[in-house]
Amino acid sequence: MGAEGIGARVVRKEDGRFITGAGQYTDDVFERQMCAAVFVRSPHAHAKVVSIDPSAAKEMPGVIDVIVGQDIIDAGIGNLICGWAIQSKDGTPMKMAPYNVMDPGTVRYVGQPVAMVIAETRAEAEDAAEAVDVEYDPQPALTDFANYASGPVVHPGTADDNMICDWQLGDEAATDAAFASAAHVVEISLRNNRLVPNAMEPRSAVAQFNRAEDHTTLWTTSQNPHVARLVLSAFYNVAPEHKLRVIAPDVGGGFGSKIYIYPEEIACCYAAKRVGRPVKWTADRTEAFMTDAHGRDHVTKAKMAFDADHRITGFKVDTIANLGAYMSLFSSATPTYLYATLLSGQYDIPNIYANVKLVYSHTTPVDAYRGAGRPEATFLVERTMETAARQFGMSPIELRRKNFITQFPHQTPVLMNYDPSDFHGLMDKALAAIDFDGYPARKAESERRGMLRGIGFSSYIEACGIAPSQAVGSLGAGVGLWESAEIRVNPVGTIEVLSGCHSHGQSHETTYAQIVAHRFGVPMSNVSIVHGDTDKVQFGMGTYGSRSGPVGGGAIAKALDKVEAKAKLIAAHLMEADAGDIEIEGGELKVAGTDKKLAWHEVCLAAYTAHNLPEGMEPGLKETSFYDPANFTFPAGTFICEVEVDPNTGVTTIVNFVAVDDFGIIINPMVVEGQVHGGLAQGIGQALLEGCVYDDEGQLLTASYMDYAMPRADDLPSFGLDHLEVPNPNNPLGVKGCGEAGAIGAPPAVINAITDAIGTNDLQMPATPEKVWRAIQSTKMPMAAE
Amino acid sequence: MSEVKLTVNGRNISKSVSDRTLLVELLREELGLTGTHVGCDTSQCGACTVHIDGNAVKSCTVLAAQVSGSSVTTIEGLAKGDTLHPMQEAFRTHHGLQCGFCTPGMIMMGVDIVNRHPEGLDETTIRKELEGNICRCTGYHNIVKAIAAAAEDMRAGATSLAAE
Ligand code: FES
Ligand code: FES
Numbered sequence: 001m002g003a004e005g006i007g008a009r010v011v012r013k014e015d016g017r018f019i020t021g022a023g024q025y026t027d028d029v030f031e032r033q034m035c036a037a038v039f040v041r042s043p044h045a046h047a048k049v050v051s052i053d054p055s056a057a058k059e060m061p062g063v064i065d066v067i068v069g070q071d072i073i074d075a076g077i078g079n080l081i082c083g084w085a086i087q088s089k090d091g092t093p094m095k096m097a098p099y100n101v102m103d104p105g106t107v108r109y110v111g112q113p114v115a116m117v118i119a120e121t122r123a124e125a126e127d128a129a130e131a132v133d134v135e136y137d138p139q140p141a142l143t144d145f146a147n148y149a150s151g152p153v154v155h156p157g158t159a160d161d162n163m164i165c166d167w168q169l170g171d172e173a174a175t176d177a178a179f180a181s182a183a184h185v186v187e188i189s190l191r192n193n194r195l196v197p198n199a200m201e202p203r204s205a206v207a208q209f210n211r212a213e214d215h216t217t218l219w220t221t222s223q224n225p226h227v228a229r230l231v232l233s234a235f236y237n238v239a240p241e242h243k244l245r246v247i248a249p250d251v252g253g254g255f256g257s258k259i260y261i262y263p264e265e266i267a268c269c270y271a272a273k274r275v276g277r278p279v280k281w282t283a284d285r286t287e288a289f290m291t292d293a294h295g296r297d298h299v300t301k302a303k304m305a306f307d308a309d310h311r312i313t314g315f316k317v318d319t320i321a322n323l324g325a326y327m328s329l330f331s332s333a334t335p336t337y338l339y340a341t342l343l344s345g346q347y348d349i350p351n352i353y354a355n356v357k358l359v360y361s362h363t364t365p366v367d368a369y370r371g372a373g374r375p376e377a378t379f380l381v382e383r384t385m386e387t388a389a390r391q392f393g394m395s396p397i398e399l400r401r402k403n404f405i406t407q408f409p410h411q412t413p414v415l416m417n418y419d420p421s422d423f424h425g426l427m428d429k430a431l432a433a434i435d436f437d438g439y440p441a442r443k444a445e446s447e448r449r450g451m452l453r454g455i456g457f458s459s460y461i462e463a464c465g466i467a468p469s470q471a472v473g474s475l476g477a478g479v480g481l482w483e484s485a486e487i488r489v490n491p492v493g494t495i496e497v498l499s500g501c502h503s504h505g506q507s508h509e510t511t512y513a514q515i516v517a518h519r520f521g522v523p524m525s526n527v528s529i530v531h532g533d534t535d536k537v538q539f540g541m542g543t544y545g546s547r548s549g550p551v552g553g554g555a556i557a558k559a560l561d562k563v564e565a566k567a568k569l570i571a572a573h574l575m576e577a578d579a580g581d582i583e584i585e586g587g588e589l590k591v592a593g594t595d596k597k598l599a600w601h602e603v604c605l606a607a608y609t610a611h612n613l614p615e616g617m618e619p620g621l622k623e624t625s626f627y628d629p630a631n632f633t634f635p636a637g638t639f640i641c642e643v644e645v646d647p648n649t650g651v652t653t654i655v656n657f658v659a660v661d662d663f664g665i666i667i668n669p670m671v672v673e674g675q676v677h678g679g680l681a682q683g684i685g686q687a688l689l690e691g692c693v694y695d696d697e698g699q700l701l702t703a704s705y706m707d708y709a710m711p712r713a714d715d716l717p718s719f720g721l722d723h724l725e726v727p728n729p730n731n732p733l734g735v736k737g738c739g740e741a742g743a744i745g746a747p748p749a750v751i752n753a754i755t756d757a758i759g760t761n762d763l764q765m766p767a768t769p770e771k772v773w774r775a776i777q778s779t780k781m782p783m784a785a786e
Numbered sequence: 001m002s003e004v005k006l007t008v009n010g011r012n013i014s015k016s017v018s019d020r021t022l023l024v025e026l027l028r029e030e031l032g033l034t035g036t037h038v039g040c041d042t043s044q045c046g047a048c049t050v051h052i053d054g055n056a057v058k059s060c061t062v063l064a065a066q067v068s069g070s071s072v073t074t075i076e077g078l079a080k081g082d083t084l085h086p087m088q089e090a091f092r093t094h095h096g097l098q099c100g101f102c103t104p105g106m107i108m109m110g111v112d113i114v115n116r117h118p119e120g121l122d123e124t125t126i127r128k129e130l131e132g133n134i135c136r137c138t139g140y141h142n143i144v145k146a147i148a149a150a151a152e153d154m155r156a157g158a159t160s161l162a163a164e
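Read top to bottom, the protein sequences are chains A and B. Per full-length UniProt numbering, the first sequence starts with residue 1, numbered consecutively. Per full-length UniProt numbering, the second sequence starts with residue 1, numbered consecutively.
Where hints are given, some of them may not hold.
What the hints assert, rightly or not - DSS-like, lysine-lysine: derived pairs with alpha carbons at most 25 Å apart:
| id | chain 1 | residue 1 | chain 2 | residue 2 |
| --- | --- | --- | --- | --- |
| 1 | A | Lys13 | B | Lys145 |
| 2 | B | Lys80 | A | Lys13 |
| 3 | A | Lys48 | A | Lys58 |
Quick caveat, the hints were computed from the structure, so don't treat them as lab data. Computed from a predicted model, the values in this text were never measured in an experiment.
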């Protein structure tokens, strides 16, 4: 492999610019003549827009223009869409309501834009935005989405019962039959709290229109610039695809929130053309809280059937998923195909039935957030397992072990066909890592100090690298989910890798270069990664769902195959050998069993001088691959969390946390560990701290870092990590993906640990000290009555 | 409008700015020092942290006019030529960054933490001192390691300088 190949702990190539302040994020783009845009946003969750009078604003210093929703409609710019069509169980299509860039008639969530002010400076635009006179007629709002049917209607005429889709998966009759003959039934009801992704870089867009060429350039904070260009051109009519360049430069985190195309990007493209100058908009943090797509937000009732031997025989799930005021780009896929398909967890469950009701409410649109559907599924499955173990008076480890899948491939009743992993092995390693044998002594020691200690488990599975295109197409996806890669070998032997994936913290510049270094034995410093610009890379689907490794990396591997084959042909020709006898090692092409060899760069130069190539061969060394995997990949892991709860204050401290994952082959352990750390922080954040709160009128009460509890350094422990590498048989690198694991596996581990510590199962996320303290008090009630 | 005179990364700057111009705006928009980032509007995230006269300050919270006469160091001014500051090196070695957006603020804060704790740093102290800086990517695990390692290097560096 060499010091830099697959499996090496190489420090990152991209760090040089970030640690010196030389990163180039969208807000760092300053074009000549650039002006600033600020949006006027609704203060109401639901209101009729009676009138908008921009005249006073237009007189303010520095103001260039004020744009309202009708202007955008008149310009022929289309509505925003949801790109994944699903059907209700009765066969009717989901009810997608019109989603205007700025709705001229009605606003449906706090923060929805109604007008855009363009001024010389941002400060001037902010002042003028205050002066835009909007008259609203406030209406009652629906925020209690669990009671969607009795609330005010969000989209009259489209969904009069606020139901977008009443969707199902699995065999209801067979599942009911399993319950009819069950020895034990365990019931649970829970809420998966609503979160804000909170990438540290706020969303931003800079649009520039070149009149001479009728061409628009958009710099934007996007996880998938090509899909943005496709959607902006094909559906929103912002510009023709070949006249639109989308650049996603350095992007400061996404976690899902930057997958989507938002009204502001569309408005900036329109405005740049209208005012004839580059237009920049950058969200402030409160705008980000109000308008970045939120995540999660489910309420669920479920029951699990067991036979007399505590083997699971059935699982029945009823979920209501809030999608907010409008259907965001992939919102319909998250609580359906990305959620219910993972309800089998790591367990052999013969019968599963899930019913998911997708509903509207007067809240910010909800879409995929780190893990997207899989955290919701895992939280439900793992909370149910723990509850069941307690109900049976059994060890949660034993209950899991009894039900683990051990034969692969394994077909679940909910579409997925799992590739090999080793669930017992993961549990074994996790128990060793946390020193489970020492736990009773640690617990006793805590008790001596008057503290409550608990331990909680979570054995998750997820589906990464969503694919293949044909399968997702049959399930309603509007796009294919392959990935492209182009390998350009220069005459001097340096290599450029063009990828359709996008890195916003995932370290592609390093790990992709490692894949190339591994293959050819060239130094990583001779490899550069090009991504994030639709003028440089022809097409790609971007980065989310941990697809960069399995799908993006797979595409690179496939393109490298082609480069390797051609390089070998050239080398064989030059050395008068058989191509089958050429081996590439340490940057040299050698004839096996002889001392004949050529350096990598000599072969590359020969490809370009073309003085002596095999008969009929085209000069050059550049190959492309469009790789469409045969299946998802299935990373899995066991997390164990040990907490100490102070019964007097309800404060939970995580004293030990171990995560043992099977990510298949690991390209760079340092990078993978970093991904896990970040995911764990988000998962623990969800369990202990984070949550959006809307009041009854639909005001977002958590719209700043003063109100929304982001995990900070002293809220978190250091983590203990370990891995098991069961290679994925279905992709060229054997990788599975690691980006979401932490966020998926952590919440149930934490809540299971706290409920174990305090002796009651009734605890909802986020488990704030107040909630935990109240839960402790509730367990003491019978004593008080004594 | 105010006349603001500053030393920024060792360079003397004299600018006339509107009274409400924040230091971070002056740095980013007037001086092109875009390494200092804005992550929030409530002085909570620390992405904008710079040093003013040697102390870490959130540059989104001070007016440019207010700090006239001061010496400001931003992330762009931390390295000595091509030689990275030990804190920068440590963030790279320990993978203390992913998207890199919080990183300039984290590094500037890290240097300040070490400077204020000549007695040495343990994990609990580092975590407590980092409360004003948010990172969404790294889970802090490696940032804490990086600061601890840099503290050692900075001390060793200081000793070797003293010995010269
Ligand atoms: S931008 Fe200054 S603290 Fe957030
Ligand atoms: S590295 Fe992305 S926010 Fe810290």
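**Prompt:** For which of the previously enumerated hints does the structure constitute a violation, in increasing order of number?
**Reply:** Every hint satisfied by this model.
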